[in-house]
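Trainee: If you want the building blocks of each chain, they are given just below.
Protein chains: 2
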Amino acid sequence: MKAEFIFGVDIGGTTTKLAVITDEGKIVEKWEIPTNTSNHGVSIIPDIAAAVKLKMTQMNLTKESVIGIGVGAPGPVNMQTGILYTGVNIGWDKPVALRDELSQQTGLPVVIENDANAAALGEMWKGAGGGARDVVCVTLGTGVGGGVIVNGDIAHGIKGAAGEIGHITAVPEGGYQCNCGKKGCLETVASATGVVRLAKEEMDKSNAVSALHKMMDEHNAITAKNVFDEAKNGDPAASAAVERLTFYLGLALANLGSALNPERIVIGGGVSKAGSILLDGITEKFKLYAFPTVAESTDIKIATLGNDAGVIGAAWLIKYKH
Amino acid sequence: MKAEFIFGVDIGGTTTKLAVITDEGKIVEKWEIPTNTSNHGVSIIPDIAAAVKLKMTQMNLTKESVIGIGVGAPGPVNMQTGILYTGVNIGWDKPVALRDELSQQTGLPVVIENDANAAALGEMWKGAGGGARDVVCVTLGTGVGGGVIVNGDIAHGIKGAAGEIGHITAVPEGGYQCNCGKKGCLETVASATGVVRLAKEEMDKSNAVSALHKMMDEHNAITAKNVFDEAKNGDPAASAAVERLTFYLGLALANLGSALNPERIVIGGGVSKAGSILLDGITEKFKLYAFPTVAESTDIKIATLGNDAGVIGAAWLIKYKH
Numbered sequence: 001m002k003a004e005f006i007f008g009v010d011i012g013g014t015t016t017k018l019a020v021i022t023d024e025g026k027i028v029e030k031w032e033i034p035t036n037t038s039n040h041g042v043s044i045i046p047d048i049a050a051a052v053k054l055k056m057t058q059m060n061l062t063k064e065s066v067i068g069i070g071v072g073a074p075g076p077v078n079m080q081t082g083i084l085y086t087g088v089n090i091g092w093d094k095p096v097a098l099r100d101e102l103s104q105q106t107g108l109p110v111v112i113e114n115d116a117n118a119a120a121l122g123e124m125w126k127g128a129g130g131g132a133r134d135v136v137c138v139t140l141g142t143g144v145g146g147g148v149i150v151n152g153d154i155a156h157g158i159k160g161a162a163g164e165i166g167h168i169t170a171v172p173e174g175g176y177q178c179n180c181g182k183k184g185c186l187e188t189v190a191s192a193t194g195v196v197r198l199a200k201e202e203m204d205k206s207n208a209v210s211a212l213h214k215m216m217d218e219h220n221a222i223t224a225k226n227v228f229d230e231a232k233n234g235d236p237a238a239s240a241a242v243e244r245l246t247f248y249l250g251l252a253l254a255n256l257g258s259a260l261n262p263e264r265i266v267i268g269g270g271v272s273k274a275g276s277i278l279l280d281g282i283t284e285k286f287k288l289y290a291f292p293t294v295a296e297s298t299d300i301k302i303a304t305l306g307n308d309a310g311v312i313g314a315a316w317l318i319k320y321k322h
Numbered sequence: 001m002k003a004e005f006i007f008g009v010d011i012g013g014t015t016t017k018l019a020v021i022t023d024e025g026k027i028v029e030k031w032e033i034p035t036n037t038s039n040h041g042v043s044i045i046p047d048i049a050a051a052v053k054l055k056m057t058q059m060n061l062t063k064e065s066v067i068g069i070g071v072g073a074p075g076p077v078n079m080q081t082g083i084l085y086t087g088v089n090i091g092w093d094k095p096v097a098l099r100d101e102l103s104q105q106t107g108l109p110v111v112i113e114n115d116a117n118a119a120a121l122g123e124m125w126k127g128a129g130g131g132a133r134d135v136v137c138v139t140l141g142t143g144v145g146g147g148v149i150v151n152g153d154i155a156h157g158i159k160g161a162a163g164e165i166g167h168i169t170a171v172p173e174g175g176y177q178c179n180c181g182k183k184g185c186l187e188t189v190a191s192a193t194g195v196v197r198l199a200k201e202e203m204d205k206s207n208a209v210s211a212l213h214k215m216m217d218e219h220n221a222i223t224a225k226n227v228f229d230e231a232k233n234g235d236p237a238a239s240a241a242v243e244r245l246t247f248y249l250g251l252a253l254a255n256l257g258s259a260l261n262p263e264r265i266v267i268g269g270g271v272s273k274a275g276s277i278l279l280d281g282i283t284e285k286f287k288l289y290a291f292p293t294v295a296e297s298t299d300i301k302i303a304t305l306g307n308d309a310g311v312i313g314a315a316w317l318i319k320y321k322h
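Going line by line, the protein sequences match chains A and B. Heads up: the first sequence is residues 1 to 322, going by the working numbering. Heads up: the second sequence is residues 1 to 322, going by the working numbering.
Hints are not guaranteed to be accurate.
Pairs involving identical chains hold if they fit within one copy or between any two copies, as the list cannot separate such chains.
What the hints assert, rightly or not - Distance condition first, Cα-Cα at most 20 Å in a straight line; then the derived EDC-like pairs of lysine to aspartate or glutamate:
#	residue 1	residue 2
1	Lys-287	Glu-173
2	Lys-321	Asp-153
3	Lys-183	Glu-296
4	Lys-183	Glu-64
5	Lys-273	Asp-100
6	Lys-17	Asp-229
Keep in mind that the hints were calculated from the coordinates and are not lab data.
The task is simple: from the sequences and hints, build the whole structure.
Mentor: Shown next as structure tokens:
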């Protein structure tokens, strides 16, 4: 029997996503299991191995029909050794031999990658990247993540820190403190929390009572979605916050664009659901600040795979990098 | 006879540098010929072919002993087709089939690359890059050029515009007009002309008569070297200009560093002769603005190959990319 199925795994802080995927990148079946982070996450690998073996039984898959398991994990990865240096969100405070342990427990080949990189590969292969060989992905969620693909391969850098687009310094002076230890990171102004922070600043600046002010008064909080929705309605504070967010993102991506001239820049994550108000704003600033050839030839798109990007990218890895 | 020699060629606006190089990257002999840009540069390829053939005769080299010719050319290159899109500095206002024409005229394999990229590969292979697989090179001359190497290979991007580090927007608002068409490019403030411009701004700002003022009065002009020399002597205007230059460069490289985490960033070009005052300033700003893991793991070094970087990088190309 020809090997034609791949297991894609995306380990998250609360749940681990799994999928059975064809070697063409089509999801046949997907499901989730809880990520058990207790006791330094000691049961995470056995839980994944058990889930894979159970699914193989249920689907009558032989080992010969499975190419292998691709895994996206939340931390820096050494691709050569198959070790995850740390995964603080899942209780792994020390390096874990994720690749070899999972391979031993399943009898299948395993390839591991950082989760943001896996998502970028997924978008490159089957999503908004459209198969391009040079793609930059940026994920706007609670934080800002990223993945950089050059010549069809992920950039890892010397210590696995490539792709830390969220920690590009967007505000060199007077920026907010970031969790990473430095100040003014893109993440502090261009994430879901960042745009709320910018909207609050804008509300404080102006005496005009806006729709956002009313929301604050009613709910004692506003969300990134509120900010984008009210910006679409023309609320001045919300509009100014979105304008600043698109400036920071557009400038950072333009500068990365001038260095890499990717075919595609893909914007994903929860904030990307804001849609055209976000995409148009970023694109306008990108065209203003990027080297002219780059402004003309690099396309910016909203991600299309959503939460499936990670498992699909992990499947790509086992197909092409094993 | 084992093929063991490579011709490295670096086509410049005034002269074309040539070298015979061993397959280990050692220069055996180097020389220059004029670049004849007249008549749309029609004789450039025949001149190079003649120079190569003459040298082979003089050195008693057979075709079998030569691996091929690597060429760095001043313009965007399509590596697949071997075509230089344009080379405005050498009279090539239309695409030229540089690879195939030179190969036909010499009977040798040819690989071509953009000159800044070839220089980056040279520094990676035998210079300050020290063989690292992830290297960013930035060349501070009259303009600012660059080359980005990821996973051991040059980033070209979708239209060959990758590596345009000089056109990163360093001054988003109120920046100087750049030759590329946009404003505030790194090149307008971090090149030899850029630092002179910053020094003049600083002199205008202050009433204090500095050593630079005296030079301006005497010679009606100052050079980048003057600015760095006087900064070393503690001249306030010169020091402020160098401080600003290192801020712009340090921030731009830190942001590129957070995206790529290269093992080495190599600073070359005439301005890099300023030495430690430049390197220390850039490094200080880099560590302030880069993602902490990158600040710790990415080293910044001054280029070591000088004008030989291009021919050595071209030789690397024929060895590894033919």
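Trainee: Compare the structure with each hint and give your call.
Mentor: Hint-by-hint comparison with the structure:
Within a single copy, Lys-287 and Glu-173 get their C-alpha atoms only as close as 25 Å, which misses the 20 Å cut-off; across copies the closest is 15 Å, which meets it. Taking CA atoms no more than 20 Å apart as the test, Lys-321 paired with Asp-153 passes in both settings, with 10 Å inside one copy and 17 Å between copies. When the C-alpha separation of Lys-183 and Glu-296 is checked against a cutoff of 20 Å, the pair qualifies only between copies, where the shortest distance is 16 Å, while the shortest distance within a copy is 32 Å. Proximity of Lys-183 to Glu-64 under the C-alpha cut-off of 20 Å is found in neither arrangement, the shortest distances being 51 Å within a copy and 59 Å between copies.
Taking the shortest Cα distances, Lys-273 and Asp-100 never come within 20 Å of each other, neither inside one copy (37 Å) nor across copies (49 Å). In this assembly of identical chains, Lys-17 and Asp-229 lie within 20 Å of each other by CA distance neither inside one copy nor across copies; the values are 30 Å within and 60 Å between.
Taken one by one, the earlier hints fail for this structure at numbers 4, 5 and 6, listed in ascending order.
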